[in-house]
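Enquirer: If you want the building blocks of each chain, they are given just below.
Protein chains: 2
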Amino acid sequence: MSREVLIVEAAALDAFAAEAFRRAGVDEADAAYCARCLVEADLRGVESHGILRLPIYVRRLRGGAVNARPRPKTVSGAGALEVMDGDAGIGYVVGRAAMLRAVELAGEHGIAAVGVTNSSHFGPAGIYARLAVEHDMIGVAMSNVDAKVVAPGGRLPITGNNPLAVAVPSFGEFPFALDMSLSAASGGKLLLAAKKGETIPLDWATDAEGRPTGDPRVAFEGFYQPLGGIKGLGLSFVLDILCGLVTGGPFGRQLESMYSSAAPTRTGHMMIAIDVLRIVPRELMKGRMAAFFADIKASPMRDPSADMRVPGERAYSKEMQRRADGIPLAPGVLDELAELGRELGLTATLAPKAGPAHTSG
Amino acid sequence: MSREVLIVEAAALDAFAAEAFRRAGVDEADAAYCARCLVEADLRGVESHGILRLPIYVRRLRGGAVNARPRPKTVSGAGALEVMDGDAGIGYVVGRAAMLRAVELAGEHGIAAVGVTNSSHFGPAGIYARLAVEHDMIGVAMSNVDAKVVAPGGRLPITGNNPLAVAVPSFGEFPFALDMSLSAASGGKLLLAAKKGETIPLDWATDAEGRPTGDPRVAFEGFYQPLGGIKGLGLSFVLDILCGLVTGGPFGRQLESMYSSAAPTRTGHMMIAIDVLRIVPRELMKGRMAAFFADIKASPMRDPSADMRVPGERAYSKEMQRRADGIPLAPGVLDELAELGRELGLTATLAPKAGPAHTSG
Numbered sequence: 001m002s003r004e005v006l007i008v009e010a011a012a013l014d015a016f017a018a019e020a021f022r023r024a025g026v027d028e029a030d031a032a033y034c035a036r037c038l039v040e041a042d043l044r045g046v047e048s049h050g051i052l053r054l055p056i057y058v059r060r061l062r063g064g065a066v067n068a069r070p071r072p073k074t075v076s077g078a079g080a081l082e083v084m085d086g087d088a089g090i091g092y093v094v095g096r097a098a099m100l101r102a103v104e105l106a107g108e109h110g111i112a113a114v115g116v117t118n119s120s121h122f123g124p125a126g127i128y129a130r131l132a133v134e135h136d137m138i139g140v141a142m143s144n145v146d147a148k149v150v151a152p153g154g155r156l157p158i159t160g161n162n163p164l165a166v167a168v169p170s171f172g173e174f175p176f177a178l179d180m181s182l183s184a185a186s187g188g189k190l191l192l193a194a195k196k197g198e199t200i201p202l203d204w205a206t207d208a209e210g211r212p213t214g215d216p217r218v219a220f221e222g223f224y225q226p227l228g229g230i231k232g233l234g235l236s237f238v239l240d241i242l243c244g245l246v247t248g249g250p251f252g253r254q255l256e257s258m259y260s261s262a263a264p265t266r267t268g269h270m271m272i273a274i275d276v277l278r279i280v281p282r283e284l285m286k287g288r289m290a291a292f293f294a295d296i297k298a299s300p301m302r303d304p305s306a307d308m309r310v311p312g313e314r315a316y317s318k319e320m321q322r323r324a325d326g327i328p329l330a331p332g333v334l335d336e337l338a339e340l341g342r343e344l345g346l347t348a349t350l351a352p353k354a355g356p357a358h359t360s361g
Numbered sequence: 001m002s003r004e005v006l007i008v009e010a011a012a013l014d015a016f017a018a019e020a021f022r023r024a025g026v027d028e029a030d031a032a033y034c035a036r037c038l039v040e041a042d043l044r045g046v047e048s049h050g051i052l053r054l055p056i057y058v059r060r061l062r063g064g065a066v067n068a069r070p071r072p073k074t075v076s077g078a079g080a081l082e083v084m085d086g087d088a089g090i091g092y093v094v095g096r097a098a099m100l101r102a103v104e105l106a107g108e109h110g111i112a113a114v115g116v117t118n119s120s121h122f123g124p125a126g127i128y129a130r131l132a133v134e135h136d137m138i139g140v141a142m143s144n145v146d147a148k149v150v151a152p153g154g155r156l157p158i159t160g161n162n163p164l165a166v167a168v169p170s171f172g173e174f175p176f177a178l179d180m181s182l183s184a185a186s187g188g189k190l191l192l193a194a195k196k197g198e199t200i201p202l203d204w205a206t207d208a209e210g211r212p213t214g215d216p217r218v219a220f221e222g223f224y225q226p227l228g229g230i231k232g233l234g235l236s237f238v239l240d241i242l243c244g245l246v247t248g249g250p251f252g253r254q255l256e257s258m259y260s261s262a263a264p265t266r267t268g269h270m271m272i273a274i275d276v277l278r279i280v281p282r283e284l285m286k287g288r289m290a291a292f293f294a295d296i297k298a299s300p301m302r303d304p305s306a307d308m309r310v311p312g313e314r315a316y317s318k319e320m321q322r323r324a325d326g327i328p329l330a331p332g333v334l335d336e337l338a339e340l341g342r343e344l345g346l347t348a349t350l351a352p353k354a355g356p357a358h359t360s361g
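Line by line, the protein sequences are chains A and P. Residue 33 in my numbering sits at position 33 of the first sequence, and the numbers go up by one each step. Residue 240 in my numbering sits at position 240 of the second sequence, and the numbers go up by one each step.
Incorrect hints may appear among the rest.
Stated by the list, open to error - Not the full set, but computed from the structure, chain A residues with beta-carbon under 8 Å of chain P:
| no. | residue |
| --- | --- |
| 1 | G115 |
| 2 | A184 |
| 3 | G210 |
| 4 | G234 |
| 5 | L245 |
| 6 | R253 |
| 7 | M308 |
Source of the hints: derived by calculation from the structure; they are not laboratory data. Don't be surprised by glycine CBs; every beta carbon is placed ideally from N, CA and C.
Given only the sequences and the hints, what does the whole structure look like? Please build it.
Expert: Have a look at this one:
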């Protein structure tokens with residue numbers, strides 16, 4: 001197995017993933033879209049939702065747990081509030097349909113919410129929030145996921161590290177784009193600490209009995225803690241309610257992981273679009289967002305060489321840089337993709353752009 | 001100054017506060033409403049937003065920083081998205097008008113959002129979220145406040161410990177009711193730790209230079225840290241955008257504290273109502289909320305004698321108990337209220353219900 005970080009061109013990853021999705025039964029346009037979503041995550045530095053997820057998606061599509069050609073349709077609601085059945089489809093396609101419907105309804109009503117039931121893993125919530133921004137609207141996107149978060153004092157998980165994204169048009173270089181989960185830390189951060197042999201803060205994770213742990217290796221056998229204790233727990237409950245309980249899907253501990261079950265996850269989402277230009281003229285909005293960004297960036301830091309960033313700025317810069325320089329893949333990922341390619345008999349191949357950037361691990 | 005916790009009947013506090021508001025120029029119905037809001041906070045255990053705020057409200061009403069007889073009116077928007085000008089009115093009255101308007105519009109459209117500009121401190125955000133629940137809707141209420149929260153690595157505050165509340169009808173004994181601010185800890189928690197001579201977690205507060213501190217007394221001279229680091233900071237920015245930036249009011253560091261300025265604060269709010277019964281029949285919603293509550297309460301705890309609570313449950317129990325037994329007031333509060341009563345020449349007086357409950361401090 002390769003132990004080096006290798007650089008691959010975004011376009012090569014894109015073609016590879018698109019062919020894999022097609023081979024798994026997804027039609028051409030949707031396959032291209034799903035591939036773009038994965039590669040965009042890698043471009044933006046959200047590797048945990050990038051190309052490394054391709055094998056599990058393909059496996060679930062081929063196994064029938066995810067419907068490759070879903071026909072999402074509205075099943076209840078009226079006016080600016082609807083629920084869509086995702087037809088057990090791939091979350092990227094269902095989530096896009098739901099946010100586009102929310103944008104359409106917000107165009108009529110000013111604000112709209114479209115809940116989704118019977119979907120599947122939809123990747124980074126930020127995709128859908130930023131989709132609303134492409135239509136000059138504020139976007140809010142949420143999903144529920146299987147329960148991995150232990151309440152303060154609890155012994156077992158009670159809610160998911162549910163993702164929440166909010167994006168706001170700036171009419172400038174990049175939008176405000178917050179994209180987070182409601183756990184204190186992500187699996188990626190635990191992995192990094194484990195690799196470096198560092199301890200983690202005691203409010204990030206627990207052991208398998210729910211006891212807070214500072215050892216990231218113990219945390220891998222355990223669970224997450226909620227963002228900021230009971231406040232983040234409460235917010236995660238809100239997402240359980242909006243994505244699952246009111247849409248008619250499973251909620252809380254009823255959800256199963258796509259990694260542990262071969263059945264559909266029946267994931268729920270909630271997409272909200274706000275047609276902000278109804279209440280603020282575009283030029284005024286642009287000016288205020290520029291002032292807001294400038295104010296954040298001018299905020300004095302304790303370390304004068306440190307840089308305060310607007311939510312979404314780091315991901316935007318990374319995307320610009322990686323579009324030019326290529327995407328670094330963690331050791332092993334390229335091998336796994338090559339194996340997937342052989343298994344599917346893909347014509348696309350992945351060759352590193354250049355020699356190893358630096359060794360790792 | 002009295003050093004004892006004294007118990008006062010809710011009705012007595014209510015009458016006292018209502019007369020004080022009337023004397024400060026508020027009309028009879030609004031005065032009764034504002035008084036009820038303050039006493040309800042004490043009943044629910046949110047003492048930081050209870051009767052102890054009466055003196056500052058009265059001072060600002062009499063000083064003209066807050067308009068005692070506001071005429072809130074819609075100034076922009078259409079359909080299900082509007083902005084209301086609060087006419088520099090007392091936040092309780094303006095906030096109620098905005099949420100009632102959101103409920104009205106959600107009745108037409110299914111979901112609605114009413115932003116508010118030119119308002120003032122509106123107390124606990126939960127009031128407005130629960131107001132939507134009285135109309136069988138999901139309520140979301142937010143406000144911006146003056147900047148008191150330092151970004152990770154920052155030296156000075158950049159956003160407020162902005163409050164966010166979400167309430168969901170359960171059609172049972174009490175609604176789901178989350179009511180929080182986006183700082184890691186409240187001033188009340190710092191005060192408690194200082195009184196007990198305890199240290200505080202390093203991610204709660206900073207000194208006056210933005211350096212994290214474990215000493216609550218140092219923290220009083222400093223600032224708050226955001227809930228869960230950059231995630232809570234990002235959420236607080238979202239509230240700055242929704243409450244201030246898009247409504248036309250001040251945002252971020254532009255806001256001033258009602259304690260440090262004699263001018264109107266021009267506070268902004270955002271009220272969202274969701275007519276959930278459009279997508280879930282009432283009995284189904286009731287059954288699912290009961291199942292959700294039961295699932296949360298059945299979550300195993302590490303300490304088997306510990307109790308897992310649903311958001312809003314503790315406040316509800318406390319309210320039931322305090323309505324029966326009276327409200328304990330912290331040492332000094334009764335003296336301050338008595339002084340306010342003399343200053344305003346109130347006929348209402350506050351006598352402790354019984355002898356001291358227990359000594360404190």
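Enquirer: With reference to the structure, classify each hint as holding or not holding.
Expert: Hint check:
1. G115: holds (7 Å)
2. A184: holds (6 Å)
3. G210: holds (5 Å)
4. G234: holds (4 Å)
5. L245: holds (5 Å)
6. R253: holds (6 Å)
7. M308: holds (6 Å)
Taken one by one, the earlier hints all hold for this structure without exception.
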